[in-house]
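Residue numbers (the working numbering), protein chains in the order written: chain A, 7 to 785; chain B, 119 to 287.
What the hints contain is simulated information worked out from the structure, not anything from laboratory work. Wrong hints could be hidden among the right ones.
Said to hold, decoys possible - Covered by chain B, according to a simulated footprint, are these stretches of chain A (three or more residues, beta-carbon under 8 angstroms):
{"id": "1", "segment": "66-73"}
{"id": "2", "segment": "229-240"}
{"id": "3", "segment": "306-320"}
{"id": "4", "segment": "329-336"}
{"id": "5", "segment": "543-554"}
{"id": "6", "segment": "676-684"}
{"id": "7", "segment": "728-735"}
Claimed, not checked - Result set (EDC-like, lysine to aspartate or glutamate): computed pairs, CA atoms no more than 20 angstroms apart in a straight line:
{"id": "8", "chain 1": "A", "residue 1": "Lys681", "chain 2": "B", "residue 2": "Asp275"}
{"id": "9", "chain 1": "A", "residue 1": "Lys450", "chain 2": "A", "residue 2": "Asp423"}
{"id": "10", "chain 1": "A", "residue 1": "Lys681", "chain 2": "B", "residue 2": "Glu279"}
Heads up, the beta-carbon is just placed ideally off N, CA and C, and yes, glycines get one too.
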Amino acid sequence: MSDNKLADAKAAVQGAVQGVMMKAIAVAPDSWIPGGVPDPLIVHQHGHVGRSLSRIDGPLKVRGAAPFAAEFPMDGMVYAAVLFSTIARGRIATIDAQAAEAAEGVALVMTYKNAPRMKPMPGFGSNAKAAGGASLPVMQDPEIHWNGQPIAVVLAETQEQADHATSLIDVTYEVAPSVTSFAEAKGVGVEPGLFMGSPLKIEIGDAEAALAAAPHRIDAVYETPYHTHNPIELHAATVAWQGDTLRIHDASQAVAHMAWSMGHMFGIGEDQVHVTSPFVGGGFGSKTLWQHQVLAAAAAKLVGRPVRIMLSREGVYRVVGGRSLTEQRVAIGAGADGVFAAIVHTGISATTRSNAFPEPFILPTMSVYGAGSFKLEVDIAYVDMLANTFMRAPGEAVGTFALECAIDELAHQIGMDPIEIRHRNEPDKDPVKGLPHSQLDIAKAYAQGAEAFGWNKRKAVPGSRREGEWLIGMGVATGTYPYHRMPGGAARMTLTRDGHATIEIAAHEMGMGTATAHTQVTADRLGLGLDQVTFRYGDSLMPGVVLAGGSQQTASIGASIIAAHALLVTELLQLAGNDSPLAGLKPDEVGGRDGGLCKLDEPERFESYASILSRAQRNEISVLGEAAKPLELQHWSMHSHGAMFCEVKVSTVTGETRVSRFLGSFDCGRILNPKTAMSQFRGGIIMGLGLALTEETLLDTRSGRIMNPSLSDYHVPVHMDVPEIDVIWTDIPDPHTPMGARGIGEIGITGVGAAVANAVFNATGKRIRSLPITLDKLL
Amino acid sequence: MAITINGTAYSPPQDARVSLLDLLRERLGLSGTKKGCDQGACGACTVLVDGERILSCLTLAVQVDGRAVTTIEGLSEDGALHPLQQAFIVHDGFQCGYCTPGQICSAIGMAAEVRRGVPSVVTADLGADAPVLSDDELRERMSGNLCRCGAYNGIIDAIRETYATEAAE
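Modelling step: build the complete structure from the supplied sequences, incorporating the hints.
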């Protein structure tokens, strides 16, 4: 192939996004693909990356000085309170706000009658920058779509006045028929589910026939309930119209998406919406666009004053969707050797007509194991409820519960160690896509985990270990989460003559340690000290469309900085000119060290950034790098894994399950900062313990109303529920990702539900297939 | 009468409905104390009143008239961090940082309760002068402070280190 034709082919591959070109991307040479040439930082072993740096925002946070969305004062600000519907479907017949309007301190009562006209909320997926949890109009008409829908907003001088006035509003409804239970919804009929535009349906071979013919079979139904994210920071925003610009202090994991979406609804440009979110008090998928920010902006527009809205905890349950429930059939057929002949993973998830987001529980089954045949499918049933959404590891968190319990059941039936059966079914390539793995060392994670946990002390016969009233058991499960990198990453990198670099990117800090890790990464890439790097983020005016979701933010930022760095180096070499020791070198021949550039294989050929800029009489240079398209995702199968080990004690008196030990052994590529990574893994595991044992959002099946909208009645794990959690990792870099890392924000929750359930089975001999594993199910 | 907050005297609010939490956050600009539920279920709003930990969301501001309130802003003297604040950083006892001020104030109040010999449900020897601060004692006594990011291990490490050091001195 001539150079030109090669360049054309390469351009065609890199320009391709879907369709037939996916095949071309799959078979293209590695070097054409982002990550095909490994990031030089992967082999850079003695820098800041990989060190346990304490969070750089730690001093602010421990002093309570990190400002959150509801903590930005504005002159003339009024407070918002929200009234929620008490029916699931129908219309507002009458709404009388006179008493509320006359109440002390009230500045405005907004209902559908006086709200400004806005376009419906752009739901996720309707546009690359759409951030809405649903696609409904917001307070534009008397229609009621779910029990808990906002129907009025009161603005007053104080929160107390607004809250009181809300209680003075009289509403009557014309009630319409509604579907408010999953059972009823299934009876009405189910439809095939779509996820990111693709059907959640895969058939390879004849799985049902292979299942029927298999010497060993498990065929069971597993259930998981609704979940609510419950970050401790209530959803809040401080909003003001400043001329034609809408200013929003938000709690957001998607500032650029938020700016576009609000601009879309209010009919202004995304550059007229300025969203900042320097600190987010936990998100887990919930801190996106829901009605409260829209209502605050609409009311602020009407009243002509800034508005602070902070949902009550009940308000969060009414307005911000959570994880939907699932009913999953997992059937596995295997030979006596434990090798899978068939995996069937099908079932139904509830969703609404305003978002149609099926909980994609088959995702883990699409990658973790090989099998002779597959039948995977998610159907949806429509319930008239608050739109559900993604919550930490959507799909994997509850999908691994069903899959990994079924494997445990099969191992028990065959009489094989649960780790051994997983080894025997480890795929040599992606079982669905056929792509090679970018990096996969789950066997090593299992070996290290089993050793550290003392797996060999497990007794295979259930119920054979007892201490007093407590039955003790051990369980294991595989956790998994894919590497993601979404399009849109971009970053500005500015280098000043004093050798200081500033990164600006519209990214987010919800507790992941974003600024800390990327200060480390940038310092290493440029050869600077940590105090010579400033990482700025959380502002929609900064470059990049970077969702803090799908565990993709680290990769997106990493790729953006790689792109900016390449431009910066190119410009520096031009400025350095012929009088520099670097004269004649190409960008890919140089790297950063000691505050300057050097030839990679000849480090003594060096010139400092200060020297280059001084000689060129420049105070600074600034570049805007745009991350390459994420073609690596179509070229390799890129997945992280975890081996989750759990020990439980189950009381024979009360049925109470206590987790006495837990160990997660992860294979997630290179770990950038062990201290903050440890916290992310543990945090995911702890949310998994809640999923396993206590968490359940209860929908009243008669009215469709959430019955436990509080932290008293929805039980997240507390200190006493959480033992010391051991976390280890392989730390083997993924050669095809920025920094060799894969995102670790979500994998911690995966596999935990099954590890706990499998330990409960080992302790008691009781197989609980319905989460959460509450006391009543064990008595 | 006045409410003393971090050493400064303030008039009680005219509106008797105002909680201590909202007084701090919305009227005095002391937003270090956090609102996570406003129902006494999460502990994010924990402050110290005359040295005892209380939930400021369940306390009307007028109830603390004549008493001394210490918030997270009052713990670091002249910008120097309280040893427990420093330990939270070292042990990564937080992620998002939202429950952190409540965890820290709660732990300080908890340590004082232990010094006074107040037992908990997991205390084995109810007659002991001061319960031994085992990890389970710490976990039990801190269970009113929720952390959804799941920084519980780091929080316990930070408290153990701080108060084990104190006990040794």
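Hint check:
1. 66-73: holds (count 8)
2. 229-240: holds (count 6)
3. 306-320: n = 3 at 8 angstroms, threshold three: holds.
4. 329-336: violated (count 0)
5. 543-554: violated (count 0)
6. 676-684: Contact hint for the segment 676-684 of chain A vs chain B: holds, 3 residues under 8 angstroms.
7. 728-735: holds (count 3)
8. Lys681(A) - Asp275(B): Given pair Lys681(A), Asp275(B) holds - Cα atoms ~13 angstroms apart, limit 20 angstroms.
9. Lys450(A) - Asp423(A): Roughly 17 angstroms between the alpha carbons, so the hint for Lys450(A) and Asp423(A) holds.
10. Lys681(A) - Glu279(B): Status holds; Cα separation ~17 angstroms.
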